[in-house]
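S.K.: Respectively, the protein sequence lines represent chains P and F. So the first sequence is numbered by this note's numbering: it starts at 1 and just counts up by one. So the second sequence is numbered by this note's numbering: it starts at 1001 and just counts up by one.
The hints are simulated quantities; they were obtained by calculation from the structure and are not laboratory data.
Below, a sample of chain P positions facing chain F; criterion: calculated Cβ distance under 8 Å: (1) ASP97; (2) GLU100; (3) PHE102; (4) GLY106.
Output of the computed footprint for chain P on chain F, the stretches with three or more beta carbons under 8 Å from beta carbons of chain P: (5) 1022 to 1034; (6) 1038 to 1045; (7) 1094 to 1102.
Don't be surprised by glycine CBs; every beta carbon is placed ideally from N, CA and C.
The primary structure of each chain is shown beneath.
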Amino acid sequence: DTEVTQTPKHLVMGMTNKKSLKCEQHMGHRAMYWYKQKAKKPPELMFVYSYEKLSINESVPSRFSPECPNSSLLNLHLHALQPEDSALYLCASSQQDYNEQFFGPGTRLTVL
Amino acid sequence: KQEVTQIPAALSVPEGENLVLNCSFTDSAIYNLQWFRQDPGKGLTSLLLIQSSQREQTSGRLNASLDKSSGRSTLYIAASQPGDSATYLCAVCYGNNRLAFGKGNQVVVIP
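The following block holds chain F by itself, in its conformation from the complex:
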């Protein structure tokens, strides 16, 4: 069974600092990996999708890398802003069209 880990569960950073969020997974046989953002009580917003054949994806201030062989992905958010405060979820797509989610990183950006 695919297991996804995100550590730490919560972190706070001062505004302007770069955010680095880590995700690890146990089985390298994945189709893709997706990073989501979730605000309290809201749905998930897709941030980036990395296919298993890709090493990284970029969108604006966001950059996500994937090292399938070591079972790791990292989400970088440059020059963090208070509006980046949210929970960030990593999800791995594996067999039978299932997503295995990590428990998330709860991020607070301090003005």
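Chain P on its own, in the form it takes in the complex:
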């Protein structure tokens, strides 16, 4: 298995909702990443987990809460989002730090 999967593919939520994005990989990778991508822009790093520990938080607002329950799974919990948070959320993984990153297909999030 050489892919990163993300669910759901699309998500529409109101500003008062709580939802979660899920990312999974079965390549034995020990680093996992969340990125946010707006239209016509490159991805922006949000969080990095290395060996299931949060190693980087790029000053992301607390309404985004990451979680790494095990080495294969990465979640992003969403609460009280704003319309400007609407974007494509991408998950990636790499064997270890500084290795080639493999991306999932993304979750298209719309906040109403």
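For this one, chain P is given, so just place chain F on it according to the hints.
M.R.: Below, chain F alone, put in the same frame as chain P:
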């Protein structure tokens, strides 16, 4: 801070022509450089990874070179096809496991 530039932002080429995409970066202290392809609304597909100690990498019709001292990488796509139409992103891995992305080259291959 590492800055990555990809010029031009968009280009069109006739089918069969070779594609040459350029990427420049400001700080030569990098771990590796990765080229990605992105189709509209989709995730990123890794094309090639070049370690900082390497000069080039090849995969099928794709060849990427790296000149760390001058802060440049070039992606060559031989005999372009309409299916090569996509946005190509260059990303440099530098300190603290971060990737610095360029803004991408949007490529259209005209049949």
